[in-house]
Amino acid sequence: MFEILNPIGILVAAIAGYVIGILWYSPVLFMKPWLAGLGKTQEEFVKPQEHRTKRYGLSLMVYTFTVTVVVAFVLDLLIKLTGVTTFLEILQISMLLAFGFIVTTKFTDMLYTLDKPFWSIQAQKLFFVNVGYYIAMFLVMGTVLYYLG
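Straight run, no breaks: the sequence shown in the numbering used here ends on number 260.
Hints were generated in silico from the structure; no laboratory data involved. Please note that a few of the clues may not be correct.
[Unchecked claim] Okay, derived cross-link-like pairs now, BS3-like style, lysine-lysine, Cα gap no bigger than 27 Å in a straight line:
# : residue 1 : residue 2
1 : Lys236    : Lys151
2 : Lys165    : Lys151
3 : Lys236    : Lys217
4 : Lys151    : Lys227
5 : Lys217    : Lys143
6 : Lys217    : Lys151
7 : Lys143    : Lys227
Just so it is clear, the structure is predicted and the values come from calculations on it, not from any experiment.
Using the sequences and the hints, build the whole thing.
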């Protein structure tokens with residue numbers, strides 16, 4: 112089953128998904144609404160904390176990239192197992208996975224883990240920024256896997 116996978120495509124898709132995350136949460140795109148959703152300012156966010164060492168930051172990047180590789184791997188595997196071949200079908204699979212698993216899970220997280228009520232603007236900003244990233248990541252990964260598949 113795993114011999115049908117494209118390791119180069121998976122790696123490039125993971126890199127693309129990781130770069131989307133860097134851009135998504137940067138000042139270029141959605142850092143301000145994301146921080147507003149967290150209830151923090153940019154100054155509070157970058158303020159040094161005891162646990163935020165260089166090693167800690169590096170481990171966050173390694174873990175995040177590893178998870179992104181797993182997402183790309185599973186997406187490629189499901190694309191191959193379902194037999195979809197057209198660009199539109201791959202985008203549909205990507206959206207189905209993003210909405211069926213990520214958006215629903217993040218919505219439940221929003222309901223139970225925030226300090227504010229889920230209908231607050233702060234909670235909704237955080238939800239929409241976070242799920243927007245995953246939707247974009249899945250679509251970009253699906254696109255990369257289509258063109259490198």
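So, going through the hints one by one against the coordinates:
Among the hinted pairs, Lys236 with Lys151 is consistent with the structure: their alpha-carbon atoms are about 13 Å apart, no more than 27 Å. Using a Cα cut-off of 27 Å, the hinted pair Lys165 and Lys151 holds, with the two alpha carbons roughly 21 Å apart. Annotation: proposed proximity of Lys236 to Lys217 holds, straight-line Cα distance about 12 Å (limit 27 Å). Annotation: proposed proximity of Lys151 to Lys227 holds, straight-line Cα distance about 14 Å (limit 27 Å).
Taking the CA atoms of Lys217 and Lys143, the gap is about 19 Å. The hint holds against a cut of 27 Å. The straight-line distance between the Cα atoms of Lys217 and Lys151 is roughly 20 Å, inside the 27 Å bound, and the hint therefore holds. Restraint check: the Cα-Cα separation between Lys143 and Lys227 comes to about 18 Å, which is no more than 27 Å; the hinted pair holds.
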